[in-house]
Amino acid sequence: MREKMKLKIGIYGLTSCYGCQLRMASVKDILEISNNFEIVCWKMMSSKGEIEQCDIAFVEGSVTTEKDEEEIKMIREKSKIVVAMGSCAIHGGVQGSLLGEDYKKIFKEVYGENSIDYKAKIGEPLKKYIKVDYNLPGCPPEENEVVYYLATFGMGTYPEEKDYPVCAECRRNGYPCLLIEKNEPCLGPIIVAGCNARCPAHNVACIGCRGALQHNVAWFDSLAITFKNRGINKEEIKKRMEIFCKQSEKIEEIIEKVFG
Amino acid sequence: MKIEREIRNDHLARIEGKAGVVVEIGEKINARINVTEGPRFFEVLARNRKYEDVPSICSRICSFCSIPHKLTPIEAIENALSIEVSEQTKEIRNMLYFGNVVESHALHLLLFVLPDYLGFADAFSMAKNYQDLMKKGLLLKNFGAMVQEIIGKREIHPENPVVGGFGKLPEEKEIKKIIYGGKEAVRASIELVDFMVEYEYPSFMNMERNHLSIKPYSGYGVYGDEIVASDGNKFKINEYKNNIEERVIPYSFSKGSYYKNSPFMVGALSRLVNNGSLIDGSAKDLLNKYSNFIRADNCFANNFAQAVEMVYFIEKIVEIAEKIKIKKEEKAKGGKSGHGFAVTEAPRGILIYEVEIEDEIVKYMNVITPTAMFLPMMERDAENMARGMWNNGYRDVELIGKKVEMAIRAYDPCISCSVHAVKK
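Just so you know, the protein sequences line up as chains A and B, in that order. Heads up, the first sequence is in my numbering, so the first residue is 1 and it goes up one at a time. Heads up, the second sequence is in my numbering, so the first residue is 1001 and it goes up one at a time.
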């Protein structure tokens, strides 16, 4: 009887570095997790299983090829809940920062006049193609976040997404402020928390890998004044923010608001 | 041409990234490996950006080898800007790099390869019957991960290594953890090598092959500035474009590389073929004991080579950790413009970065990854396997397909890595 009550999960990858799946695979209790869920499909880890009916689909990667597009639509159709896992799936990821570039031109730079049998384009987040139910942020997500998401679903409830920035965790830990005390281009004020301010903890300014906060909250204004006062130029900050956040909602607005 | 059989798998399981394989069996047998993972244009992403931000972008090329894709662009940038890092930084980077090789090899052998050998669809089902093996594998994987966590401050895509040094140096108590964990890991890795020799390599895969690797600066290390080939040739890294030619493959988003107009191998086996004499410690004893398992002519020897390398790299990590006395130091600094190269030994083989920087802004970058290098040879081995099986009387397409996949997995392909490259 118990077997039948296990939630069915599918773990899928579109165009990405496969880091979110690797994060999932290397969760310390992965064997226990695999015993408590029924994994219907996980190509990176298993020779069995295709895209099948399941309760929860975890999808990493951005939609970059026609095949990705077909797959994500099929995954949506067959899954009750879809979780966008990681920066590529939520915001388009690093490859998504090419948005606005002339695709034909860069394709030609790489492949010359040759044509390739498959069609591709600039990577886009899942939400451009399907309805996404939850976001599991990170590049890759933290181990405790992966476990938290699995555990909440397992208990029949749902995970709560964080709506406060890396700065909150950084301050709480009492780390020196890289932005104010060391004049470094730290993106902590606008990036979604959950990493426990990993990078500021070792004196490295936040590069924004978890993506921008989903809501336009007050910190942006404070950041604007701080960056300006510190003399960090617009182009440098823009380029830096765009590594992970180019496709996130409001990013243009944020940058304009920050620098005018 | 009438095709008798076609074997098609659009999404190979248990590899990193997305690729398929098509084998046609007719008058001739030929195989195509279709890399369907979308192009990600990392060289374009790096352009017109401050050099400090570039290694963080590059590390996202691949998660399994995010350390090589972080440390190699750092090395290329330092080469371009004449930044001389301290001996201490070099040693800590070595530990970090070796930790990644250990984790990557452990993951590959445990999760991707051994289920094949033992007849399981995945490590989860294998774990039920082989608890002890799984425990050893996880111990090795976790040790590699711990080293990366301690030094890189994150196991995947660590942001602590930066141009000129590290954001934060590891503390003494953390180094002690590495020594303690390493001693246990050495034992597990030796036992894994003993386990790997249970398997015979199919002799129809034997074929003359060229192996490319670096000539390490010291020992059996992962840094160097010269590439050596098993045919006796060698060349400096800044000559790579004259020796390694990349070609577009119409059915793949990845390019394929050629050396002297022919496919070639890189990776653990190539390193042992070219540099095996530089190995010491327990790994040397194992190499002597099992010398006939390092076969330059058979791709399956690559998995055995990975197991031996794990022993070596774990012992080296412990050796460095026992010797090092961490001193506080400032990050090294250098110029603002220049043209630099770097080549290192990523788990899957040589990884080349070239970078041009003008006034702190990256103007040009080129990357050639191991998977793009061995792709044409891997395709040939997929054919060798299908042909060997067919000629030996096998007609079960599913079985031949499974064996073709095993030949591909022997290379430990990293498909995410392969999708790249900008011409100049």
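These are computed hints drawn from the structure, not numbers from a lab. Cβ coordinates follow ideal geometry from the N, Cα and C atoms, glycine included. Possibly wrong hints are sitting among the right ones.
Unchecked claim - Calculated cross-link-like contacts (lysine to aspartate or glutamate; reagent style DMTMM-like; alpha-carbon spacing at most 25 Å):
id, chain 1, residue 1, chain 2, residue 2
1, B, Lys1168, A, Glu161
2, A, Lys182, A, Asp133
3, A, Lys121, B, Glu1246
4, A, Lys182, B, Glu1006
5, A, Lys234, B, Glu1052
6, A, Lys238, B, Glu1360
7, A, Lys182, B, Glu1398
8, A, Lys119, B, Glu1006
9, A, Lys250, B, Asp1053
10, B, Lys1236, B, Glu1006
11, A, Lys239, B, Glu1356
12, B, Lys1135, A, Glu38
13, A, Lys105, B, Glu1245
14, B, Lys1135, A, Glu143
15, B, Lys1153, A, Glu109
16, B, Lys1153, A, Glu38
17, A, Lys119, B, Glu1052
18, B, Lys1336, A, Glu184
19, B, Lys1173, A, Glu143
20, A, Lys73, B, Glu1084
What the hints assert, rightly or not - To be clear about the criterion: a stretch of chain B counts as covered by chain A if any three or more of its residues have a C-beta under 8 Å from a C-beta of chain A, and this derived list gives those stretches:
id, stretch
21, 1049-1061
22, 1120-1132
23, 1141-1151
24, 1197-1209
Hint numbers contradicted by this structure: Of the numbered hints, 1, 2, 4, 7, 10, 15, 16, 17, 20 and 24 do not hold.
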